[in-house]
Amino acid sequence: MRKDRIDALALAGTVDEEPGVSLIRSAWKRLRRNPVFLIGAAITTAFIVLAIISPWIAPWDVTARPLLDQVRPQTNPVPGPEAGHLLGGDDRGRDLFSRLLVGSRQTLIVGVFATLFGLLGGLTLGTVAGAVGGWVDSLVMRIVDVMLSIPSLLLAFTIASLAREPSQWTLIVAIAVIQVPIFARLLRGSMLAQRSSDHVLAARSLGVRPRAIVFRHMLPNSLGPVIVQATLSLAVAIIDAAALSFLGLGNPDQRQPEWGQMLGLAQKYISEAPHLAFYPAGCIIVVALGFTLMGESLREALDPKTRR
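With UniProt numbering, the residue at position 125 of the sequence shown is 125, and numbering never jumps.
These are computed hints drawn from the structure, not numbers from a lab.
A portion of the hints provided could be inaccurate.
[Unchecked claim] Subject to a maximum C-alpha distance of 20 Å in a straight line, what follows is the list of computed EDC-like cross-link-like pairs (lysine to aspartate or glutamate):
1. 268 - 253
2. 29 - 253
3. 29 - 198
4. 268 - 91
[As the list claims (entries may be wrong)] Cβ-Cβ distance ranges computed for the label pairs, FRET-style:
5. 201 - 145: 28 to 36 Å
6. 199 - 63: 40 to 48 Å
7. 150 - 193: 25 to 33 Å
8. 148 - 68: 42 to 50 Å
9. 215 - 148: 24 to 32 Å
10. 53 - 83: 48 to 56 Å
11. 285 - 169: 20 to 28 Å
12. 278 - 132: 36 to 44 Å
13. 120 - 164: 18 to 26 Å
14. 164 - 53: 16 to 24 Å
15. 28 - 278: 35 to 43 Å
16. 278 - 208: 52 to 60 Å
Just so you know, even glycine gets a beta-carbon here, dropped at the ideal spot from N, CA and C.
I would like the entire structure built from these sequences, with the hints used as guidance.
Structure below.
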């Protein structure tokens, strides 16, 4: 009887002999069944594709003024929709739909480059702080704390206003700077967690050089949360870029339309033609929502605490 009970307990404790699945494959298996991720990925993919091909599919050149003869400052300052002009025109007779399409490219460029530069800066500071430790870690983190204590949009506004002339690159630099402390703090925390992990302790006991431990063991295993944060930061970068352009700190060249710039130019006609502001604002909201949905889904899928 006792032997039968032991055998029953042993059988109850067995597990299915299935091959192990990597974290990436497991995350993808969950993501492709997640409707939130699919919606965010669809929005993001459509935005990127349109931004790339927009100059070739735009019905009109963004500098052309085909509706200029219909612009009458007193009676009809903004031409309405008509055949060949899906959304009508702006106050200068330019096709609004074409400018929205081409403006997506400038918005994508600012968001991607600002996030990329912020990521590189944060990786540098976070790696130094997490790998070296000691007074170097304290110094870097105090600088990060000071940057985080200032409201991000106010800091970006201050940096962009220091430029002699506003341009697309001043916008990119300003947004990149406010993202550096976010990536630095996140990577530094992941590096500190990796420092006490078993594989790092094993590498040290085997006499592996500290540089190799940092760049072959600690850093690659710390990049997961940072990459997910970069997806979320893209949404924030697009919103911040639109805010700075709205305030007149973006690219002033209207031959290169950008959604925030268009939103700012529409303010003087907000009562007569509110659609001039609604269309670029709606595009900004939808694209930011797409990146946010995709980033949050990635965070949940890659978090071991949420895996079932």
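Consistency of the hints with the structure:
no.	hint	verdict
1	268 - 253	18 Å, holds
2	29 - 253	45 Å, violated
3	29 - 198	28 Å, violated
4	268 - 91	10 Å, holds
5	201 - 145: 28 to 36 Å	30 Å, holds
6	199 - 63: 40 to 48 Å	57 Å, violated
7	150 - 193: 25 to 33 Å	27 Å, holds
8	148 - 68: 42 to 50 Å	49 Å, holds
9	215 - 148: 24 to 32 Å	27 Å, holds
10	53 - 83: 48 to 56 Å	24 Å, violated
11	285 - 169: 20 to 28 Å	26 Å, holds
12	278 - 132: 36 to 44 Å	51 Å, violated
13	120 - 164: 18 to 26 Å	25 Å, holds
14	164 - 53: 16 to 24 Å	35 Å, violated
15	28 - 278: 35 to 43 Å	37 Å, holds
16	278 - 208: 52 to 60 Å	58 Å, holds
Hints 2, 3, 6, 10, 12 and 14 from the earlier list are contradicted by this structure; the remaining hints agree with it.
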